[in-house]
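Participant: What follows is the residue order along each chain.
There are 2 protein chains.
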Amino acid sequence: MSEILAGDKRAIARAITAVEDSNVEASRLLKELFPHTGKALIVGITGAPGAGKSTLVDRLSALYRSRGERTAIVAVDPSSPFTGGAILGDRIRMQAMATDPGIFIRSMAARGHLGGLARATADAVAILDAAGYNNVIIETVGVGQDEVDIVKTADVTVVVLVPGMGDDIQAIKAGIMEIGDVFAINKADREGVLRTEKELQTLLQISERSDGWVPLIVRTVATEEKGIDELASGIDRYREFVSSNPARFEARRSSVARARIIELLRDKLLLAARAKGVTDEYLDGAARMVSDKTKDPYSVVDEVISRLGL
Amino acid sequence: MSEILAGDKRAIARAITAVEDSNVEASRLLKELFPHTGKALIVGITGAPGAGKSTLVDRLSALYRSRGERTAIVAVDPSSPFTGGAILGDRIRMQAMATDPGIFIRSMAARGHLGGLARATADAVAILDAAGYNNVIIETVGVGQDEVDIVKTADVTVVVLVPGMGDDIQAIKAGIMEIGDVFAINKADREGVLRTEKELQTLLQISERSDGWVPLIVRTVATEEKGIDELASGIDRYREFVSSNPARFEARRSSVARARIIELLRDKLLLAARAKGVTDEYLDGAARMVSDKTKDPYSVVDEVISRLGL
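Residue numbers (our numbering), protein chains in the order written: chain S, 29 to 338; chain V, 29 to 338.
Hint data in this document are derived by calculation from the structure and do not stem from the laboratory.
Watch out, some of these pointers could steer you wrong.
Identical copies look the same in the list; a pair holds intra-copy or inter-copy alike.
Unchecked claim - Below 20 Å or equal to it, Euclidean Cα-Cα: the simulated SDA-like pairs (lysine to any residue) are: (1) 67 x 266; (2) 321 x 283; (3) 59 x 334; (4) 37 x 162; (5) 67 x 261; (6) 304 x 333; (7) 323 x 65; (8) 321 x 270; (9) 304 x 98; (10) 37 x 160; (11) 304 x 331; (12) 304 x 34; (13) 59 x 300; (14) 321 x 56.
Construct the complete structure from the given sequences, taking the supplied hints into account.
Facilitator: Put into structure tokens, the structure is as follows:
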């Protein structure tokens, strides 16, 4: 543990692998690290594929570095349940930034059908927080429920859009609009930026937030390092807004903690069931019966639940 | 139950609402309906927002209708956990198609933090299958893990792309490439269709499938009803490929059943825990302790698990 608190990159990487594997060791470590967490600014960045999130995250990290802040990036790819590894772009980024001791980059992907990616990501963030990174950026690929769950554990959430995504704004609006504290319209040198901005403003006006915050809209061109200062100050402004009111601050912290507990519980319940006889062999056998139609899946699960005494 | 088997739309709609609420009634009904399932062709359609999936699904349904087949559409929006309702487009579609007794359209959205959308969707599909729809199309918004889980319960999966999505193909390739049995390049009248097709072919060549199937690529322009025949016959061809080999057919069925059991289990475990004292009040109290740092989330969950005797 002391190595992690001292910021040893290799120890941190090992610990993150342990939480991905969700072993007993990891659980003990996380309990020990918990009192050391809560200092980092945790920024969630989400948006449709192709919006340029990775470049934006790189630029934002560089800005934080120029302020002398240590920054960790956790790139989460829930749509990659099979490869279990880093996406191509991250490998390139890792090479470029790996030499900077104040930068840590890690890719996380779903390991299999039983993995709790949101839980593992939150655990990894806790490790990086305890390790003394001033900022931890969670970058997600995709816009599904899993991504929403993941960014829900961040202090600030940035949603990235690109001009001409009219259809997309329609498609993703419901869930995403409500989790975005700051909106970055990236590739803002493209045609249609004004229209996208106006559509976004209209949508934000309709969906009033319970905390009274009016989400900020920032134009960026990440490839040309434009608008990154504005993005960083947008993030800071939301943080100040939350911190300025103790009740509001407490409400946000509690809701993050609640989301965290539920993710952990969902994961640990399944692990506990696995340990109590719901093995791969059992699942394979049950699946065969269901596909043979000799048994229905609801009865299979009812039996498991009652055998577990629940 | 007889009303559902007779295809009564109102009874079907009520049953789907019951499975969304996950009540005891629903569980009993699903067990009774199970022997009547397994006849429908279940088609999963996924892809990035803005790819034109809804229009493509509408055109495909119209084609199935012209063959005299009854068709149900289940539109799933995991990125919409807050509104809990239909997305705008679906409301419009419902009006247009609601008059056709051979078409059934239903939107499903995550109801809250504890909802199992993949499980509820699979249950809804089972109801529609038992109700005698020849085809059930599951349409997802977004490209996250949840979407992958959802389409994994389909007989055939169609991934929809659009020209010029180079970045997106990179971003979504890992998970999506492996679940796509048929790829539709929609809006194929746009510039860049050839390049997208070539990139896709290259990616498909790299990722060889264990079942030996080489995914088909179809060009469509859904708004002009182009390529819909080709899409439908691509779907049929994959079905024939699977059915032509009993071992292969059995393997696919089993893997669908296994995914189904795990989704159900994940959901029911949490519900069982909720019934055994993990109430909203309990969660709120625990969240406060975690955010106060008087307790760590791992210990909270360990206590719950041990109190449940797991």
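Participant: Hints first: check each against the structure and report whether it holds.
Facilitator: Structure-based check of all given hints:
1. 67 x 266: Answer is within; shortest intra-copy Cα gap is 17 Å, inter-copy 53 Å.
2. 321 x 283: Only across copies: residue 321 and residue 283 sit 14 Å apart there, 43 Å inside one copy, limit 20 Å.
3. 59 x 334: Between copies only: 17 Å across, 31 Å inside.
4. 37 x 162: For residue 37 and residue 162, only the intra-copy Cα distance (15 Å) is at most 20 Å; the inter-copy one is 56 Å.
5. 67 x 261: Within one copy only: 19 Å inside, 57 Å across.
6. 304 x 333: both (11 Å within a copy, 12 Å between copies)
7. 323 x 65: Result: close only across copies, 12 Å inter versus 48 Å intra.
8. 321 x 270: Between copies only: 19 Å across chains, 54 Å inside a chain, cut-off 20 Å.
9. 304 x 98: neither (43 Å within a copy, 44 Å between copies)
10. 37 x 160: within (11 Å within a copy, 58 Å between copies)
11. 304 x 331: So residue 304 and residue 331 pass the 20 Å test inside a copy (13 Å) and across (17 Å) alike.
12. 304 x 34: neither (38 Å within a copy, 42 Å between copies)
13. 59 x 300: So residue 59 and residue 300 pass the 20 Å test inside one copy only (19 Å; across, 26 Å).
14. 321 x 56: Close across copies (17 Å), not inside one copy (43 Å); limit 20 Å.
In summary, the numbered hints that this structure violates are 9 and 12.
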